[in-house]
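Student: Each chain, letter by letter, is given below.
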Amino acid sequence: QKEVEQDPGPLSVPEGAIVSLNCTYSNSAFQYFMWYRQYSRKGPELLMYTYSSGNKEDGRFTAQVDKSSKYISLFIRDSQPSDSATYLCASDRGSTLGRLYFGRGTQLTVWP
Amino acid sequence: DTGVSQDPRHKITKRGQNVTFRCDPISEHNRLYWYRQTLGQGPEFLTYFQNEAQLEKSRLLSDRFSAERPKGSFSTLEIQRTEQGDSAMYLCASSPGRAAETQYFGPGTRLLVL
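Those sequence lines, one after another, are chains A and B. With my numbering as the guide, the letters of the first sequence map in order to residues 5 to 116. With my numbering as the guide, the letters of the second sequence map in order to residues 110 to 223.
Quick caveat, the hints were computed from the structure, so don't treat them as lab data. Heads up, a few of these hints could be off.
[What the hints assert, rightly or not] Keeping only pairs whose Cα atoms sit at most 20 Å apart, straight-line, the calculated EDC-like set for lysine to aspartate or glutamate is:
hint : chain 1 : residue 1 : chain 2 : residue 2
1    : A       : K71       : A       : D82
2    : B       : K180      : B       : E153
3    : B       : K123      : B       : E165
4    : B       : K120      : B       : E187
5    : B       : K166      : A       : E19
6    : A       : K46       : B       : E153
7    : B       : K123      : B       : E177
8    : A       : K46       : B       : D195
9    : B       : K123      : B       : E192
10   : B       : K120      : B       : E165
11   : B       : K180      : B       : D195
12   : A       : K6        : B       : E153
13   : B       : K180      : B       : D133
14   : A       : K71       : A       : E19
15   : A       : K46       : B       : D116
16   : A       : K71       : A       : E9
17   : A       : K46       : B       : D133
18   : A       : K6        : A       : D62
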C-alpha cells in the first residue's frame, strides 16, 4: 500500500463547476499536506499547504485536511479551462527527514 | 527568473551510457531534493541534501546512481550504465530548510534510454 493514495481520474468538468479532488494517507505521523499542480511536461507547482487538520483558503482554492479519517481534499471554485492539469497531493512528517510522499495525481480537464 | 533550474531539459541516450543532470536551486535554499517521476505516477523521492551533506537516500537510488552537492549550491545526479527502466522525468526541488513543506520544483529533465 502506498503512503498516499489518489484516484488518477481522469476528471472532466464544465467551466464554472466546483471541483473536488481527494487523497487518503496511511501514515499517522504525517503533519504537512500539500497540493501541487502539474501541467503536461512541466515540473510540479506548489499551490498550497496545510499543517495538521483544518481548512486553508487561497482565492478559488480551498485545502481541507481531516486527520481523524486521514483524508485530504482540494476544492476549486469557479473552475477555468486554465485549471486543466494534473493535481498531486503530497504529505510529509514535518521533521528533518525531508522527503515528500506523493499521490499519483488526478488529471483534471475543464472544458469551456 | 529565480526559480529552480535544471539542465538539460531533455536527454536521449543509449543503454549502457552514463548521463549527468544538473540542478541549480533557488538562491539561499539550503535543502535540495531529487525525485523521479514516471508516466501516470507521482514523483518518487530519491535523495536530499542539506547544504553539501547528503542526508537521506531512497532504496530507489541503486549503486548506479550518485548525487553530489559539492559546495552546497548546485547539485548533480549521475546515472551510470543506464537501463531502459531509467527512462523518466528527473525532478529537482529546493526549500529554505525551515520546514520540509515548502519544496519548489524545477522543470525537470526528461530522460529517454533507448
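Student: The structure should be examined with respect to each hint, and the outcome stated for every one.
Tutor: Hints, one by one, checked against the model:
This hinted pair does not check out: K71(A) and D82(A) have alpha carbons roughly 27 Å apart, beyond 20 Å. Straight-line distance between C-alpha atoms of K180(B) and E153(B) comes to about 25 Å, which puts the hinted pair past the 20 Å bound. Of the pairs offered as hints, the one joining K123(B) and E165(B) is violated, with about 29 Å between alpha carbons and a cut-off of 20 Å exceeded. For the hint pairing K120(B) with E187(B), the CA-to-CA distance comes to about 13 Å; that is within 20 Å, so the pair holds.
Between K166(B) and E19(A) the CA atoms are separated by roughly 43 Å; this puts the pair beyond 20 Å, and the hint is violated. For the given pair, K46(A) sits about 16 Å from E153(B) by alpha-carbon distance, which is consistent with the 20 Å threshold. The hinted pair formed by K123(B) and E177(B) fails the criterion: a straight-line CA distance of about 23 Å is larger than 20 Å. This hinted pair checks out: K46(A) and D195(B) have alpha carbons roughly 19 Å apart, not beyond 20 Å.
Among the hinted pairs, K123(B) with E192(B) is consistent with the structure: their alpha-carbon atoms are about 8 Å apart, no more than 20 Å. A hinted pair counts as satisfied when its Cα atoms are at most 20 Å apart, and K120(B) with E165(B) does not qualify at roughly 26 Å. For the proposed pair K180(B) and D195(B), the alpha carbon gap of about 27 Å is over 20 Å, so the pair is violated. A distance of roughly 11 Å separates the Cα atoms of K6(A) and E153(B); the hinted pair therefore holds under the 20 Å criterion.
Distance hint between K180(B) and D133(B) is fulfilled; the C-alpha atoms sit about 12 Å from each other, no more than 20 Å. As the CA atoms of K71(A) and E19(A) are separated by approximately 31 Å, the hinted pair breaks the 20 Å bound. A C-alpha spacing of about 14 Å is found between K46(A) and D116(B), which places the hinted pair at or below 20 Å, so the restraint holds. For the proposed pair K71(A) and E9(A), the alpha carbon gap of about 15 Å is at most 20 Å, so the pair holds.
Our distance criterion of 20 Å between C-alpha atoms is met by K46(A) and D133(B), whose separation comes to about 16 Å. Taking the CA atoms of K6(A) and D62(A), the gap is about 29 Å. The hint is violated against a cut of 20 Å.
Hints 1, 2, 3, 5, 7, 10, 11, 14, 18 from the earlier list are contradicted by this structure; the remaining hints agree with it.
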